[in-house]
Amino acid sequence: MPHFRFHLRRRGELIADDEGAELPHLEAAYLQAFDSAEELWPMLLAKREDPIAYSFEVVDARGRLLFVLPLAEVLETARKRSPRVEALAEGAMTSTLLARGESLRTSLVDQIAIARRTVGETRALLNNLGKREPGA
Amino acid sequence: MSDADRMIDRGAAARLAQPRTNRLLDRLHPEDLARLKPHLKPMEMRRGDVLHEARGAIGRVYFPLGGMVSLIAVMQTGEMIETAAIGRDGAVGAAVASDLWRSFSQAVVQIPGPALQIGAADFVHACRASPGLTALMSRHQAVVLLQAQQNSACHALHSIEMRLARWMLQAQDMLGGSTIELTQESLAQMLGVQRTSVSLCAHALQRHGLIDYARGRIAILDRAGLEHCACECYATIRSETEEALAPLGAAAM
Chain E
21 MPHFRFHLRR
31 RGELIADDEG
41 AELPHLEAAY
51 LQAFDSAEEL
61 WPMLLAKRED
71 PIAYSFEVVD
81 ARGRLLFVLP
91 LAEVLETARK
101 RSPRVEALAE
111 GAMTSTLLAR
121 GESLRTSLVD
131 QIAIARRTVG
141 ETRALLNNLG
151 KREPGA
Chain G
261 MSDADRMIDR
271 GAAARLAQPR
281 TNRLLDRLHP
291 EDLARLKPHL
301 KPMEMRRGDV
311 LHEARGAIGR
321 VYFPLGGMVS
331 LIAVMQTGEM
341 IETAAIGRDG
351 AVGAAVASDL
361 WRSFSQAVVQ
371 IPGPALQIGA
381 ADFVHACRAS
391 PGLTALMSRH
401 QAVVLLQAQQ
411 NSACHALHSI
421 EMRLARWMLQ
431 AQDMLGGSTI
441 ELTQESLAQM
451 LGVQRTSVSL
461 CAHALQRHGL
471 IDYARGRIAI
481 LDRAGLEHCA
491 CECYATIRSE
501 TEEALAPLGA
511 AAM
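Chains as they are written, first to last, in the working numbering: chain E, 21 to 156; chain G, 261 to 513.
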């Protein structure tokens with residue numbers, strides 16, 4: 021199994037993971053980094069430290085950087101996961117769509133009216149042109 | 261076996277010499293010890309050996325002469341946490357003395373060391389013949405229960421850093437010497453946390469000059485400082501264990 025190291029960076033400081041872990045694949049490493057990030061949040065907050073200042077730098081056995089996971093990323097999924105936030109977001113989305121649909125309908129009606137007027141005016145102009153031509 | 265485990269096993273030979281005795285056996289009346297002695301067989305507990313499976317039968321009782329065995333609660337998801345630790349001041353599987361033939365938790369060797377083992381039936385036979393032996397085993401079971409009770413409070417109320425400091429102190433008491441050979445992964449399993457949390461907490465303790473933790477080896481540099489960082493559970497478990505191991509009958513006086 022491939023070996024991964026989860027270094028933790030806090031601005032300029034790097035807390036090196038000298039032990040690392042053997043995991044089946046990169047996805048498992050990402051999930052582990054994510055679970056770790058979730059656990060670090062309350063731990064850092066309790067110490068009055070800012071979790072957003074931290075990020076995981078996950079490297080392979082040769083030390084090549086595979087991905088960076090800022091602790092802030094946990095918040096992103098928390099926003100997606102929270103049913104209340106999701107419901108609110110869904111509600112907001114629905115009313116936005118309804119409002120947009122309504123405004124599109126209104127503007128369509130307006131556009132049709134404008135088009136009808138334009139067509140009417142064009143016809144009138146053409147008629148006038150036809151009347152004038154024989155006498156020209 | 262991971263690299264860190266291999267590294268640790270190489271260091272096993274260099275482990276500090278510990279007194280090769282078991283404090284429970286030391287406490288026995290010579291007559292009771294004579295009952296057990298013909299059945300006690302020496303063995304080596306290797307890292308990762310499972311002495312009893314969770315909810316499995318207790319076929320043998322182990323008296324560690326060194327090293328450390330964790331009693332682990334394993335969840336259906338595979339998550340685990342240590343509920344009690346047993347070293348040379350205890351026995352693994354002593355519940356059979358109270359007619360409990362199944363181990364509730366998984367007993368895993370965390371730190372290798374020598375032990376004496378005895379078949380559970382022979383052990384129970386000796387206990388039935390001796391109220392003194394039965395009483396001592398009941399006391400030991402009470403210590404395990406006390407550890408589990410204190411641990412459940414500790415896991416819910418105390419920070420990972422405090423718990424890590426406490427665990428290191430307890431391990432040092434159990435093992436003697438100033439270094440403990442254990443990977444962050446094993447420590448994380450025992451504390452029921454992510455390995456990276458152990459890494460961060462150990463880094464903090466190291467920054468304060470209390471420990472040195474590199475490549476699976478923990479060196480305790482400032483014990484008093486570490487005691488200051490540990491939660492109250494360390495002192496509670498230590499004093500209660502000592503009291504329970506006091507000469508039989510002392511508590512009644």
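Honestly, I wouldn't trust all of these hints.
Straight line, CA to CA, 25 Å or less: simulated SDA-like cross-link-like pairs of lysine to any residue [as the list claims (entries may be wrong)]:
1) E:67 / G:374
2) G:297 / G:374
3) E:67 / G:481
4) E:67 / G:410
5) E:67 / G:297
6) E:67 / G:395
7) G:301 / G:358
8) E:67 / G:422
9) G:297 / G:410
10) E:67 / G:412
11) E:67 / G:468
12) E:67 / G:492
13) E:67 / G:358
14) E:67 / G:416
15) E:67 / G:485
Covered by chain G, per the in silico footprint, the following chain E stretches (three or more residues, Cβ under 8 Å) [claimed, not checked]:
16) 33-39
17) 54-67
None of these hints come from the bench; they were simulated from the model. Where is the CB? At the ideal position from N, CA and C, for every residue including glycine.
Evaluation of the provided hints:
1. E:67 / G:374: It is violated: about 41 Å lies between the C-alpha atoms, which goes past 25 Å.
2. G:297 / G:374: holds, 16 Å
3. E:67 / G:481: holds, 24 Å
4. E:67 / G:410: holds, 24 Å
5. E:67 / G:297: Distance ~53 Å between residue 67 of chain E and residue 297 of chain G Cα, so the pair is violated.
6. E:67 / G:395: With a Cα-Cα distance of about 46 Å, the restraint between residue 67 of chain E and residue 395 of chain G is violated, given a limit of 25 Å.
7. G:301 / G:358: Within the cut-off at roughly 22 Å; holds.
8. E:67 / G:422: Given that 25 Å is the threshold and the Cα spacing comes to 12 Å, the pair holds.
9. G:297 / G:410: violated, 34 Å
10. E:67 / G:412: holds, 22 Å
11. E:67 / G:468: holds, 15 Å
12. E:67 / G:492: holds, 19 Å
13. E:67 / G:358: With a Cα-Cα distance of about 45 Å, the restraint between residue 67 of chain E and residue 358 of chain G is violated, given a limit of 25 Å.
14. E:67 / G:416: holds, 17 Å
15. E:67 / G:485: Given pair residue 67 of chain E, residue 485 of chain G holds - Cα atoms ~18 Å apart, limit 25 Å.
16. 33-39: holds (count 4)
17. 54-67: holds (count 6)
Consistency with the previously given hints fails for numbers 1, 5, 6, 9 and 13, ordered from lowest to highest.
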